[in-house]
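Residue strings, one per chain:
Number of protein chains: 2
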Amino acid sequence: MSNIVSRGWENEIAARVARVAESLRSAGADAILISSNANLYYITSRVIAGYVLVTADGEVKHFVRRPVGLEGDTVNYIRKPEQIAEMLGSVPGVLALEFDMAYGDVLRLQAAFPGAKFVNGSAIMRAVRAVKSPFEIELMRQSGVRHAMSYKSIPHIFSEGMSDVELQVELEHRLRLDGCLGLFRIAGQSMELFMGNILAGNNADNPAPYDFAMGGAGMDKSLPIGANGTIIKPGMSIMVDACGNFTGYMTDMSRSYKVGEVGELAERAHQCSVDICKKISETARPGVMAKDLVALAQEMVDNAGLTDYFMGHTQKAGFIGHGVGIEINELPVLSARSKDVLVEGNVMAVEPKFVIPGVGAVGIENTYAITATGTECLTNMPEELMQLL
Amino acid sequence: MSNIVSRGWENEIAARVARVAESLRSAGADAILISSNANLYYITSRVIAGYVLVTADGEVKHFVRRPVGLEGDTVNYIRKPEQIAEMLGSVPGVLALEFDMAYGDVLRLQAAFPGAKFVNGSAIMRAVRAVKSPFEIELMRQSGVRHAMSYKSIPHIFSEGMSDVELQVELEHRLRLDGCLGLFRIAGQSMELFMGNILAGNNADNPAPYDFAMGGAGMDKSLPIGANGTIIKPGMSIMVDACGNFTGYMTDMSRSYKVGEVGELAERAHQCSVDICKKISETARPGVMAKDLVALAQEMVDNAGLTDYFMGHTQKAGFIGHGVGIEINELPVLSARSKDVLVEGNVMAVEPKFVIPGVGAVGIENTYAITATGTECLTNMPEELMQLL
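Taken in sequence, the protein lines are chains R and E. Counting with the working numbering, you get residues 638 to 1026 for the letters of the first sequence. Counting with the working numbering, you get residues 638 to 1026 for the letters of the second sequence.
These are computed hints drawn from the structure, not numbers from a lab. One should not assume that every hint holds.
Which copy is meant is left open, so a pair is good if it fits within one copy or across any two.
Stated by the list, open to error - In silico lysine-lysine, DSBU-like type, Cα no more than 35 Å apart, as pairs: (1) 717 to 858; (2) 870 to 976; (3) 870 to 789; (4) 754 to 915; (5) 754 to 870.
Only a predicted model underlies this, so the values are computations on that prediction, with no experimental measurement involved.
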């Protein structure tokens, strides 16, 4: 038997529950019923099959289907969600449900709480999770250190004549040996990724269907993203953007490499990306609007005459950064139309990247925490366009 | 520019569209609007960001957001789903939508088709996809050959003193080098898995929250499944159940290994699993009910006095097999209450497994295609409890 809240997480989970309760009160909701894995992990410190009810008063009840053997005053074992209302004895007047969950599942929950009014709990949880605690940022700091350590092996695992896929497989191996959990958690159902991507040469200009910053054709039409078997040759840049999930909390980091010489345009674009990250890291602080950081980046790109290559060439991404935490696509969103205003505790990946036709992708990506007065970079390693051969 | 239907897939996709149209007519639906990645891949031969409309008359229209550069008479580029009804000029009377998609997304589509009646398109597609064509079975046959090839490396990559995680990382590396795409596609939002699992010793008896046949504590509470860092020692059995997605179509296969001697009970349970697979492979054919195969397995288990260990010990799985294809959890379901009747073209993983306390998991899993007269095993390799050391 083990307690449903993991040892050492008790105070942290209590604070998270209090924040969710406060958000429920602001939203005019009496309770939220959580059932997505990412939110269950957030609110209990573990993934369960089941539901967690948090009320606006800060009460918590766990309704568990699996695993067996969890204990605590708040733990109730159930077979089906219809038992929850029965066990509660009364139905909350306004109940938040995760509208990002399957339509069929939400309808079933709605039927199980007759008379309740339903509001979007996914939006509530997304806003709460956008502001990380020191506990969460420490987990991301740990991921960042290990993420960088794995990347430092790249010059050693690369060898002449390798394909992008071979380099990727060797890096995946390194990451996993270094403790990467492998799983890339992505909110929503439309984005799929294995363990991140390596883009070499012109494959970076192959448009993908997914809402990632970069493309690549992939190895199969069933997963059209990333490395496509390109043999890495002199004159190519290679962008590495691989999974940094070592602790349940991810960092997102990209670094770029070159083989031989890649020309002035690619070198200049890479430096522009480094400069943008530096500028954003110096500008971002609580109260700054995300869209103003995007405008700042766009201005630097336009002034450098690199507009055509920024955030893709044949197909462009609609953002230059995004929140990161349990999932890779959290708030805030760094896009031209974003309404997000930075607050202390936001953690954001900034990825001002370029695709240079005939050369490949260049640029970097760092994960920054927003502190009381500025930013802390969680992904520290050299940023230059590194020579592989 | 490339055609939306991949070269060589034209006839196959036309036949799939005809089958979907037929199912729509049976369900009394005028059209289906497909937007999940697995179903988009099924109906177009590639993943896109967008929607595919198939009518009961067998007409197809593609509404694409990304990637740029797809062509064909049926391809329409859109920015948002609200444009679809506008482009069609009329709203289907009965429209099937995927009820497994997010509640918020389904509500948005419903609002975009005012006046239509909506039925569950996920159920329609699940039933269509449960019956594989010879083209699909050939892709799975190819995955099975490569899946088995990767597993054959296991005795070579194992070394004394390894942990379950280390063995898993080395097998993942082997699988990826052999062409495994890595991604484990799972229908629904509740199950998460990286690249399959290795269970060593008593970790097999750690209950997991997910609806997989076996458990394991995992390395982190954020992903509580599979290997947990157990050092592999004499007296332990090791079960390997890793990702067989080499072609977009997966095979599912488990094999078990031992270090030193594991005792009569584990040896007998393993042989019982092999015997059950053999019996099911000889019994299954079109017209047989899935639940009768489960009853047959249960009878063999009970007669062998192995009931307490079957499909888990501390926590038991509710099924002994499942359909497999683009996703790992397709129809038919092999459970005691399943209403599924086998038909030619079903492909099912059969995994009668045991957990022996103090020893570990034993047993095998094979993927079988249902032929006109019986079964074809797609995962051919030795089935005995193999000695690692």
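What hint numbers does the structure not satisfy? 2, 4, 5
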